[in-house]
Structures are given as structure tokens and as C-alpha cells.
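Protein chains in written order, with numbering that gives the first Met the number 0: chain U, 0 to 367; chain L, 0 to 367.
Certain hints may be false.
[Unchecked claim] EDC-like, lysine to aspartate or glutamate: derived pairs with alpha carbons at most 16 Å apart:
| # | chain 1 | residue 1 | chain 2 | residue 2 |
| --- | --- | --- | --- | --- |
| 1 | L | 49 | U | 162 |
| 2 | L | 194 | L | 235 |
| 3 | U | 49 | L | 16 |
| 4 | U | 357 | U | 162 |
In case anyone wonders, no lab produced these hints; they're calculated from the structure.
Protein chains: 2
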Amino acid sequence: MEASEKATEDPAWRERELIAVRQRIDAIDAEILRLLSERGECARRIGALKGEGVIYRPEREADVLRRLIAANPGPLPNEAVRVIFREVMSACLALEQPLQVGFLGPWGTFSEMAARKHFGSAPHFHPMTTIDEVFREVEAGNLDYGVVPIENSAEGAVGVTHDLLLLHPLKICGEALLRVHQHLMGQVPSLRAVKRVYSHAQSLAQCHEWLNLHLPDAARIPVGSNAEAARMAAEDPDGAAIAGAAAAERYGLPILAHNIEDDPNNTTRFLVIAKHDAGPSGKDKTSLVCSAPNRPGAMHRLLEPLAKHGVSMTKLQSRPAKGGLWEYVFFIDIEGHQSDPEVAQALAELEERAAFVKRLGSYPAAIA
Amino acid sequence: MEASEKATEDPAWRERELIAVRQRIDAIDAEILRLLSERGECARRIGALKGEGVIYRPEREADVLRRLIAANPGPLPNEAVRVIFREVMSACLALEQPLQVGFLGPWGTFSEMAARKHFGSAPHFHPMTTIDEVFREVEAGNLDYGVVPIENSAEGAVGVTHDLLLLHPLKICGEALLRVHQHLMGQVPSLRAVKRVYSHAQSLAQCHEWLNLHLPDAARIPVGSNAEAARMAAEDPDGAAIAGAAAAERYGLPILAHNIEDDPNNTTRFLVIAKHDAGPSGKDKTSLVCSAPNRPGAMHRLLEPLAKHGVSMTKLQSRPAKGGLWEYVFFIDIEGHQSDPEVAQALAELEERAAFVKRLGSYPAAIA
């Protein structure tokens, strides 16, 4: 590069150039600070105009973030734009109304990370002992929002969250996606000494290529869960487990290799629950839970209106209905907002056909 | 407030006003994005001018942050300005050079929080199993920077970090302060049922006022550490412990009350270690470790040059010297940079008097 070649030749010129660029950065920072302060004043004005109503509008934040990312000319990566403006909006929202946000604790869980990813640093965060407690505290009004895991690409659906969504009158107002990392952990002195690798079959599959490359001769032993795998590795001097960092902590296992999953996009999905859902943001999802009459073809007939109106389904998850009138309930996610005409029409027709339907809410699709 | 009163009278006016303010916010965001992109280009230019040298300059970042906080006109709180510009600088630095930062793991520790507070979101973070491993990996060049705890206001000095600072040729290039929270935890069904509270004597003292108010009749039982207190609470159906969140997690104890420390400024201090220290930022600290000859009054004589040149000492910590020539070594922190004339003179005179002195580095004092 021209600049760096010349730099080695003439240190005085280089130093002058560095000072000039730093002065420009200082001027940029001063201007950003001025704009941030004006943005803060705008946020206060919005708070005053809205009065006592709901202040946090997930659809507006999602729309702002998406437009900024679309307009990003570089060189900053989109992720940096997302993180910076997430904090800007978080700080401005706190001027309107300080949010109380609960999550499945303790501190340091993926749920806390998801809550901070979704809400930024400014809210007051509260770790809850159970997912049930998150729901109860939001329903009681002690928390404005709750963040709970709903699906894990390694371990599937979080059953308790599904059951609580069915029972509680709360709405889904947002979702957050977190990348999940798998690590190899064990008491063995080095990678070469690993004779057996324990993990859930799904995790073994997810780390297939890494294992082929680094541990081609180790036996792969599928077990019931990744936590169970860590427990077994803790008792096997020649064994290692593939699991998340929390399992390494619980069983005191040194981590032998970090982030060994083949697909770096392996994610866990979290829901943001509240007393309200969200308005349309332009790229939304709608969640519902329903039950079909118990006869052949009923499920197919139930879903027909979605296909007819061109509404895409992104999730269909059956759950045994605990002590209710139905044997099974079905959790369905579709693309679009319930106020979109085709979604509204499809849902109206689905509701005519279903034995039971509960709309869990429309909300912006997660951003990155 | 006028706006909110009028709002309730005329919803159409309110809606128009809201739209106008939101349009102004959108224009502000677009301008901030433009400035961020230009700042990113400046960062790239600096990277090119510097070539292969050390890119991260803690003193420059501290200076920029302090000036912005001093210039903050509100309404955003200084903490929001710090968080936002921390992320801006983190993203721009990553364009110059992606940093590899290690911390005392696993994920979710206070050390990780300190590393993120100091470096923002953009670096690659690596959890290490031990403090020793952080030092070794930085020394081996596998990590650019390491973040380790040095002092905890509840539990005092972290001995191993002090010992490693003495052994390794690494420098201190920064410090980070994290607020530490104490929680009441136990198996009891409610606060009213708590008959005994276990904790380290220091933690009991730190939560004295809260205990007087909420548990005036419970016995306060000092034990060796907060982790030990949590273990005892786990075995006592009428007992509770005061400890950090990690202890609650380890012993599976529900948290009965959050953040019960009387002094909300209760902090843990972390050091950032590297192969280099930092240039002067205007508000710096200098750390050293030394040994005085083993005779009466030697320590007093050793420290005399500091007083003579008006240099403030912020820490004096003695440690038994493991297997060395001296019985004790002393860790000293002073205010100022070793390039400041009065500090330079005081250190030169101190070095003449000491049996042994090692300068651990000068670095910017932590911001908030």
C-alpha cells in the first residue's frame, strides 16, 4: 500500500499524516455526539407526546435497524452498524422509559446474551430462576419484558416455553437469534490422547467434519444430552465431550478446542414476551397455537388456508396437550404480520376450521 | 407537560407530531451512519500509515472517551456515551487490526464482562482455563491482550495474578472496573423464613444496612468465603447466603433478593496485560513491584521519593515472595505516567533505594 511504503521512508511525514487523520476523527466524534444528544431530545419529546402508553415499539426499532444496515456503505461491517445503533436506540429509549427486562438466569446464560442483543445495555436486567418465573413476573407487571429460549438447533424445542405460551395470556413481541458454539472438552492431556468422544447424536453430526479432520480415530458415542456427555467425559480419562461452555463449567472440564461446529450459523432462538405484541415492521412473523379435530386429514385441512393465500409457514411443532381437551396442540409460525391482508384472511379461515386457536402475536423477524 | 396534555385532547395533532419527530430521528441516524463510515475510512488510513506496528493505543482511546464524556451536553447519560463510543472505537479498531483477547473463562465470568467493557464487541474473545494460561498465551503471542482480575473489594487481592506479574515479562496496558453485586440466596420458601445468613465477614459488613432492614432477627454467621457460605446455605433449610451470582449457579440456590450491597459502587478491578504498556493519556496510573532491604525503616525510606515529588500512591499491597531472595515484595500503584517529569524523578530515586524494582507499566486510569 502506498501510504505504508512511504511511512517507512519518512517518519516525520507519517507522523503529520497520523495527526491529521486523528484530528478528523475527533471532529467526526464531536459531530456524532452532537447528533446523539439531539436524538436523545427527540426521544424525550416522543415520550412526552405518547404520555402513559406503551413506549417500546419493536417494529419501529427493527425498521430503523434494517434500513441503516441496507444503507451501510462500509467499511464498517453490518454487524458493527447493528451493535452501535442497538446501543444508540437502547440509550434513547431509556430516556423515554427505563425498561425492566427479565431473562432465564443466572447471569451469564445465553438468555442474558439474547436479552442484551435484543435490548442493548440500557434496560434494567433481572435474572429469573425458571422460565415459569419469567412468565409470571411479566404477567404480574413486575417486568415489562421477558426473554426465554424457545428452540435450540442442537437440542430441539424447549417444551416448557411452549407449554407456558399456551397457558399464559402474554404475547410475543420479538425474537432474537444467538449463535451456539460447541466445544470439545475433557480431562485428557491433549487432543491426540482422545479415544472416545461423547455427545448428543445431533451435536456429533454438527461437528462431523471437524472430527474427521482432527480426531479421525476416536470412537463417537452418542448419549442422551450434551450435559450427560460432559458428565461422562469427566469420568473417562481417555474421553472427551462435545458440549456448550456451560457444561464445561458445570463439570470443571478444560476446553480442548473451541467452536468446532461445522456450521457457524448454528443458532438458538429466543422469544421476547410482553403484554403486547408488535405492529408491522415490513418483515414480520406471526405465531399461533392451535388444535385440529381428531380425525384423518384434519391437520391438512387446517393448514390449507395458509397455502391458498400464499402464506409461508416457518415452523410447525406438535406438543402433547397436558390435561386439556386435545391430544396434541400445534405451534405454528408464519411469515408476515396478522394485519397484512393475506395473513389476516388466511388466519380467519384457519380459525373457522380449527377446534382451538390462540394468536401468540406478530413481531419483527430477528435482525442477524 | 404541555405536549402530553395536548396529546390527550387531539390525537391527530399528536400523530403528526410523532411522525415529524421520527423523521428527524431518521435524518439524524442517516447522518450518524455517514460519519461512522467516514470514521471507518480514517481508521483504515491509520492502519496503513502505521504498517506493522502496534495498532491499539489505549491512551488514545481513553483520551477520546474522556473528552467526549466531558463534552456531553445531555440528555444521554455519560454511561450511554461511553457504551456507544466504546462500540464505535471497537468496530473501527477491528478494521485496522482484529484483536485477539483472552480472559479468565469460562464464558459468562466477570472477566469476560470486563474484557467486553474494555474492548467493546469487535475483538475475537478467548476464554482461558486459568489466569496462568492467560499470561502464557499473551507471552507466546497467541493472544494480543489478556484480561485478569487483580483485586476484589469483597475478597481482596487475587494472589495468583500478583505472583504472575512478578514472574512474566508482560506489561499492564489498561485496567477495567466492574461493579460487583451481592445476592441473598437459599432454599428457604421466603425471606421471612430465613433464620441464619452465612457469608464472608466483609460481605456481611457490605450488606449490613439491608440486613438490618429486611432480616433484623436472622443470625449473621461469618464463614471463610462466599462460595463456602453458598455451600452451607444449600445444606441448611432455614439458612441463606450472601454471595455472587456464580455461587448461586454452582449450588443451585434460588436468589431471594438481588443487589443487596449497601454500597452500589462495590467493584472488582481487572488488568489488561500485553507485551506493551501505554503512552500518556492525561490521567494515568503506573504499577510497579519492588522489594526493600530487610532492615527497620527500609519501607519508609523506599517510599520517601514518592512523597517528596508529590506522587500519590493508590495501592500498596505486600505479598510473600515465593522462593526468591526477599521475604516480601510490595505491589505499588501510583497516579501519573512514568513519562511525567515528577513521576520519572520519583521512580528513579525509588529505584536507587530498592533492593529490586520491576516497572509493570503505565496505563490510562479506568473510565467509569
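Practice problem: Report the numbers of all earlier hints that the structure fails to satisfy, in ascending order. | Solution: Number 1 only.
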